[in-house]
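Full structure from sequences and hints, please.
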Amino acid sequence: MHGYVDNKADLTKRLRRAEGQVRGIQRMVEDDVYCIDILTQVSAATKALETVALQLLEDHLSHCVAEATREGGPVADEKLREASAAIARLVRS
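Note that UniProt numbering gives residue 13 to position 13 of the sequence shown, counting from 1, and the numbers run on in steps of one.
It should be emphasised that the hints constitute simulated quantities derived from the structure, not laboratory data. Hints are supplied without guarantee of correctness; some may be wrong.
Here are the computed lysine-lysine pairs in the DSS-like style, where the Cα-Cα straight-line distance is at most 25 Å [said to hold, decoys possible]: (1) K8 <-> K79; (2) K47 <-> K13; (3) K8 <-> K47.
In C-alpha cells:
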C-alpha cells in the first residue's frame with residue numbers, strides 16, 4: 001500500500017485542478033493573451049503542482065520511510081536515499 005492512499009481523493013482533485021489550469025494556459029497562448037497574464041497562470045499551475053508534490057512527500061516520509069526505518073537495514077537506507085533524492089529534485093525545480 002502506498003503512503004498517499006488516505007489522501008488519494010484530495011490529490012486527484014488537486015491534479016485535476018492543475019490539469020484544468022494547464023489547459024487554460026494553452027488556450028491563453030492560442031488566443032494570443034498578454035504574456036504577463038499567461039505567466040501569472042503558469043505560476044499558479046506550478047504552485048498547484050508543488051502542493052501535490054509536498055503532500056506526496058509528506059505521505060511518503062510518514063508512511064514508507066517511517067515503516068522502513070522501523071524495519072532497519074538496507075531497506076531503510078534505500079528509502080532514506082530515495083527521500084533525500086526526491087527532496088533535492090523538488091528544491092532544484
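Verification of the hints:
1. For the hint linking K8 to K79, the alpha-carbon distance of about 21 Å falls within 25 Å, and the restraint holds.
2. A hinted pair counts as satisfied when its Cα atoms are at most 25 Å apart, and K47 with K13 qualifies at roughly 15 Å.
3. Distance check on the hinted pair: K8 and K47 sit about 19 Å apart at the alpha-carbon level, within 25 Å; holds.
In terms of the numbered hints stated before, the structure departs from none.
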